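Chemist: Starting from the given sequences, assemble the full structure and let the hints guide the process.
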Amino acid sequence: MSDLETFRAETAAWLEANCPPEMREPMTGEDDAVWGGRNPTYKPGQKEWLDIMAAKGWTVPDWPKEYGGGGLSGAEAKILGQEMARLKCRSPLSSFGIWMLGPALLQFGTEAQKKHFLPPIARGEIRWCQGYSEPGSGSDLASLQTSAIDQGDHFVVNGQKIWTSYADKADWIFCLTRTDKNEKHKGITFMLFDMASEGVTTKPIELISGASAFCETFFDDVKVPKEYGEGVSSVVYEVNKGWDVAKYLLGHERSMISDQGGSTGGSLGAKFADQIGRDAMGRLDAPMLRAELADIDIELLAFRAMAERFGDTFKAGLCHPAQPNMMKYAGTEINKRRHELIMSAGGSEVLEWESDASNGGMTARSWLRTKANSIEGGTSEVMLNVISKQILRLPGA
Amino acid sequence: MPLYLNEDQQMLHDSAAEFMKGEAPVSHLREFRDKQCKDGFSHALWKQFAEMGFTGILIGEDEGGLGLGHVEAGVVLEEIGRNLTPSPFLTTAVAGVEALNAGSKALRDRYFPGIIAGETVLALAIDEGAKHRPDQISMAATREGNGFKLDGKKQFVVQGGSADMLIVAARTSGATGDDKGLTLFAVDANAAGVSRDSARLVDSAMAAHVRFDGVTVDADAVIGEVDDGDIVLRRLLNAGRSGAAAETLGVGAGAMDITVDYVKGRSQFGALIGSFQALQHRIAHLYSAMEIARATVLKAQQMLDEGSSKAELMVSVAKAKAGKATSLSVKEGVQMHGGVGMTDEYDIGLYMKRDRALQEFMGDVNYHTNLVAEMHGY
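So the sequences go chain by chain: L and B.
Take 1 as the starting number for the first sequence in the numbering used here and just add one per residue.
Take 398 as the starting number for the second sequence in the numbering used here and just add one per residue.
By construction, these hints were calculated from the structure, which means they are not laboratory data.
Since this is a predicted model, take the numbers as computed values, not measurements.
A couple of the hints might just be wrong.
[Unchecked claim] BS3-like, lysine-lysine: derived pairs with alpha carbons at most 25 Å apart: (1) Lys271/L with Lys336/L; (2) Lys707/B with Lys88/L; (3) Lys114/L with Lys65/L; (4) Lys315/L with Lys78/L; (5) Lys707/B with Lys271/L; (6) Lys56/L with Lys88/L; (7) Lys707/B with Lys577/B; (8) Lys223/L with Lys203/L; (9) Lys47/L with Lys169/L; (10) Lys169/L with Lys115/L; (11) Lys241/L with Lys223/L; (12) Lys389/L with Lys661/B; (13) Lys707/B with Lys78/L; (14) Lys389/L with Lys728/B; (15) Lys226/L with Lys115/L.
Modeler: Next comes the structure, spelled out in structure tokens:
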């Protein structure tokens, strides 16, 4: 056997032996995800699964071992992902620290910052949130106004963020602030601070899905130290160079959101044929719906291939740097379409909003949640602008 | 295996791209169309294909070929599509060879040397109606003496008029619609009782209506086993469909490229029309669709080469997705060219025509969408 085949066999055996049975059941909603943090909540099996995976560094398989990662090569990490999918093992940890801050620190952080911040992320001990959008700065993010004034050994931060995911549950924030009012992109700084700091308040926003995952976050004279001891700076990269970090991170965020198009279980048609009914040939006997379901099957399988190709070319340094924008656009649009079809095929039963039979209206709430996919992290229209300019090099208006 | 071309495949891509662009660009298609060439392709070019090694891509090394796979065949086909190169490559060296690979050594020995040399042309006699419905083949082959007698009609036999041999799917037992009972035959195109009526298609390719009136063939003309033709046909169709998807992808990519160039050069209202967001968003959406189609086609080819049990599903997904993306590409291309898009002088219309023919070849988007539903059990 080749080294990779051996790794696959050993990984599969280890997962079989160590993944708690509850963690091999399909997730039933967003609240089945494990987020860790200072005040974690766990359902049976979740804590065990997180701890044993973190001990192997497999919450972040391709991070270096010295920062709490598994030190796996790209090919090994891909195999681990494939085996977890095949054995239906859940992801042990959902984390903006893993998806977003970690990659930014690995790229732009100092050695001291990496050693200080990354291992607690890998172990799920600190839960992070992202302070990007502001009420007046959505698609035009670089117009942000939250100010950070240099006061010698600390900054004083004032302003408001919006759409801060889980700000009310997060321990720390990575936040874009304005440190130079005379510049736009070159006056932004990427800083890290504790959400328990005096002057930080959060207010959940009730959404059309009934959930309140997003918050308004207010900063009133929040003191942010310049260092957290041992030369660990609160500023990532440099003052006024935060936009470079933000842009890099948006790339990661966009490829992450695009995953929703690729990681979507099996064919919807087979499931709904049993519910709705079949003709004598065994076909789903609502022909127009059947055609739409088959079309979405094609789009989902095609996008899954795209996601695989994107991952492979990204790791090999072969993909266009703006390609995550395409992935984000395509992945979110297909996910929205998929949920429209789930509602259509489910009919009147999935209209129920609170009943036990509908699991608290989960299908409808999930459908409504997907409408944010093509807004958060850069709207579809912004993605198309970026593709036009950076990939296709179309002329400016 | 990563989902991008490896170093050898990339080298093949570079040489195929240079070859098609240099020897058979769109002007080559125009030349053959304008002189009303009865074969619809250049035999000299087919010889050059042989010199490049392309004709033996799917033939084993021990039989004088390159012993490569569907990924490599697709690499060549994409460049054929991008340049609208007329050639019998898809029917002969891809689908035809793949069918013969399932046949006897005697048949391979008879046909492979001529294919490798760029002398022999094969055509596929599968379709019997205006739409591709291989599960409804009813042409009869009845046992006679040591062999079979073929009676019936086939259509959309691409390159049928210039072919040396026809691969014919006919029913040797059972009833129309049965899985079993089909047999594939290698029939000499000049055999007594074969009549071929060629017609020029919208994309300037030549395709024939072929009649078989009591055509007798020996038992050794059978490709694979009698009544097990579905096995050979499946290989032929998988190769032909994934190959057609790759060629379609090249057509869509070529159309997109010339459209992007056009909107960067055309001014109206005092601005380059490519600066208008109304066009930018549509082109960016098209780019996304083409990228996804590219990944899908390559995935299907890799799965065929690996012998994956799910390859057939992915081939249908690839044929459908490449068809949808390329259809969008040529339609948006003509629209964004405006008035000149309607002229014969500009190439974009030629891309639209080739796409239309490729859509019908071995099943269109609707056909494969239905297959995907069936393969998923609904």
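Chemist: Look at each hint and say if it fits the structure.
Modeler: Now for the hints, and whether the structure bears them out:
| no. | hint | result |
| --- | --- | --- |
| 1 | Lys271/L with Lys336/L | 19 Å, holds |
| 2 | Lys707/B with Lys88/L | 19 Å, holds |
| 3 | Lys114/L with Lys65/L | 12 Å, holds |
| 4 | Lys315/L with Lys78/L | 10 Å, holds |
| 5 | Lys707/B with Lys271/L | 19 Å, holds |
| 6 | Lys56/L with Lys88/L | 19 Å, holds |
| 7 | Lys707/B with Lys577/B | 21 Å, holds |
| 8 | Lys223/L with Lys203/L | 20 Å, holds |
| 9 | Lys47/L with Lys169/L | 18 Å, holds |
| 10 | Lys169/L with Lys115/L | 24 Å, holds |
| 11 | Lys241/L with Lys223/L | 21 Å, holds |
| 12 | Lys389/L with Lys661/B | 12 Å, holds |
| 13 | Lys707/B with Lys78/L | 20 Å, holds |
| 14 | Lys389/L with Lys728/B | 22 Å, holds |
| 15 | Lys226/L with Lys115/L | 17 Å, holds |
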